[in-house]
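From first to last, the protein sequence lines stand for chains A and B.
Numbering-wise, this note's numbering puts 198 at position 198 of the first sequence, and it's gapless, one number per residue.
To get this note's numbering, take the position in the second sequence, counting from 1, and add 246.
Just so you know, not all the hints are guaranteed correct.
A partial selection of chain B residues facing chain A, derived with a Cβ cut-off under 10 Å [to be verified]:
no.	residue
1	Lys-257
2	Phe-263
3	Asn-264
4	Ile-327
5	Asp-333
6	Ala-334
7	Asp-337
8	Met-394
9	Ala-395
10	Asp-401
11	Tyr-509
Just so you know, the hints here were simulated from the structure itself, not pulled from any lab data.
In this text, a Cβ means the ideal position worked out from N, Cα and C, and glycines have one as well.
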Amino acid sequence: MRIFEQLKRSFAITKKDLSIYYLKGSVIIQGLLIPAFVFISFILKREMSLDMMIPGLLGMALFFAVSAITPVITPWETRMRTFERLVSSPVYLWAIILGDIMASVLFGLFVVSFIVLAGIILLGVEIISFPLIFGTIIAAFCFSSLGTLISAPPADKPSDIMLIASIIKFPLIFISGVFIPITEMGVLKILSFFSPLTYYTDLARYSIQGTSYFSPVVDLLVLSVFTIFLFVIAVKWHEKSLDKRF
Amino acid sequence: MENIIKAERLKKNYSSFNAVNGISFAVKKGEIFGLLGPNGAGKTTTIRMLTGILKPTEGEVHIGKYNIQKESMEARQIMGIVPEMADAYIDLSAIRNLLLTGELYGIEKEKSIKKAEDLLKMFHLYEKRNQKVKTFSKGMKQRLILAMALMNDADILFLDEPTSGLDVESVRLIRDLIRKFNQEGVTIFLTTHNIKEADLLCDRVAIMNYGKIMAIDRPEMLKSVIKKTSSVEVAFKNLVEEKVFNFKEIIEVKKMGDKFQLYGNKMEDIIFFLINHSQKTNNEIISLKILEPSLEDIFVKLTQKNENF
């Protein structure tokens, strides 16, 4: 079956996810407030310039918004017995996963654009640049792929997956140069190279401060590699766990 | 008539447990085929392998001209599926659920809207089309799920326990619609543990237990296998005890409420004995029926643990 037809069906899943899981007042408010609160609580009483703060906030907001719901969709739908109906329809598993990913990407981009607008209007920060726009889209796909990878174990309790998600997501924030620039991390900076969030934060720093640890091309390239890698692994793992899901 | 579903040496193992143990069967185009069996017999695993949801450990499935393992998308395009205990999206309206199904099957928008409205009318849900499914009763939800399975004008409908736990009105409506769609040429494959349902609906049934098919035939042919052991159902005006049926031609006695079911090979002798008993004891017979073996009798025989049938 043609890829274009599968992508159309994938987009039907995106629309379904958006209306069921994302376009709700509580989810939108949480998507905006949680990263803001975590960030403010961490930077309080620390001397940090606006230029230093905004890239970290952007990275964290995108990471939280995009990876908040994706890990729980599959276990939730397994529990509600809608996932079996979905996998029995003529849609490949990769297209189902891509549909879930696209919904969270759109939600993440909405949250980030809100922050960007607030930064421009309230703080007068110059943020918009081509590498950042392009990088934000790739990073959103990347973080969302990580979210679907987390949901691959055949659990039908969203709480089980939320626990795994927290164990993975929170350490990533602390090793990715969100709060402390990579240059100040000492030997721990080696760890930061394994986190995709590092490259997005670095790219955001480049767009706002004009300086970064890696070149923007490297950031974009590594983010793309992470995205493909995480997506492929997520699809393979979901395929493997499908037998145990029902 | 050509086969539309063909399963060959189908096997599914989970670690050391054999859920389905090398079964083979074929379903003809236009048939209503029932897969009967107790809980845990392997019915749902079989239907999941037939629909491509689970990969068989061994064996092959052909749906129409497609091999489900190699051409699963093409095969699914001609199927409608109602999985066991499936649910619709409860936060979406009935019509949105149907339109989503239409999109998943690649149906054009205008055609999809028309089809969804027709199905909602047919399943008596049109008035509630814009209501969220979470406000629906179980019967309404099941009707909607069946309507979703019909969105793509499927050639084959797979129904896993389609009337399980539903109210009488919904059961009757669903059975009538199953017959209607079958008359229009749709092949129906249903699993059930409701023997009467299989007897009422199916052209052929397969009886399954321990992951194996124990028998496969038309319901009447299966009944004829044990026809020699017919039974008589009798009720007396004054209640009697089981011991009064001590007669050499009666091989088994079952108490059924205020009646007794008597099994034997010579029905005439048993009836004569009952009339004699009634006259001797001055206890009037208020009901007397000769019962043919039911599909339930076959089912019980075949699914007995000793498997000595």
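Q.
Interface hint check: Asp-337 of chain B, Cβ to nearest Cβ on chain A, cutoff 10 Å. Holds or violated?
A. holds (5 Å)
Q: Against chain A, run the beta carbon of Lys-257 of chain B and see if the smallest gap drops under 10 Å.
A: violated (14 Å)
**Q.** Interface restraint verdict for Asp-401 of chain B against chain A (beta-carbon cut-off 10 Å)
**A.** Status violated, d = 13 Å.
Q) Any CB of chain A closer than 10 Å to the CB of Ala-334 of chain B? A) Constraint on Ala-334 of chain B satisfied, holds at 7 Å.
**Q.** Cut-off 10 Å, beta-carbon criterion: hint that Phe-263 of chain B touches chain A
**A.** Violated. Min distance 13 Å.
Q. Would the hint on Asn-264 of chain B stand, with a C-beta cut-off of 10 Å toward chain A?
A. With a minimum Cβ separation of about 15 Å from chain A (threshold 10 Å), the hint on Asn-264 of chain B is violated.
(Q) Hint validation: Tyr-509 of chain B versus chain A, beta carbon distance must be below 10 Å. Holds or violated? (A) violated (41 Å)
Q. Does Asp-333 of chain B pass the interface hint, meaning its C-beta sits closer than 10 Å to a C-beta of chain A?
A. It holds, given that the least Cβ distance between Asp-333 of chain B and chain A is near 5 Å, below 10 Å.
**Q.** Status of the Ile-327 of chain B interface restraint (C-beta, 10 Å, chain A)
**A.** It holds, given that the least Cβ distance between Ile-327 of chain B and chain A is near 5 Å, below 10 Å.
Q. Is the shortest C-beta separation between Met-394 of chain B and chain A less than 10 Å?
A. Because about 7 Å separates Met-394 of chain B from the closest Cβ in chain A, which is inside the 10 Å limit, the hint holds.
Q.
A closest beta-carbon separation below 10 Å is what the hint needs, so does Ala-395 of chain B meet it against chain A?
A. With a closest approach of 9 Å, the Ala-395 of chain B hint holds.
Of the hints listed earlier, those the structure fails to meet are numbers 1, 2, 3, 10, 11, in rising order.
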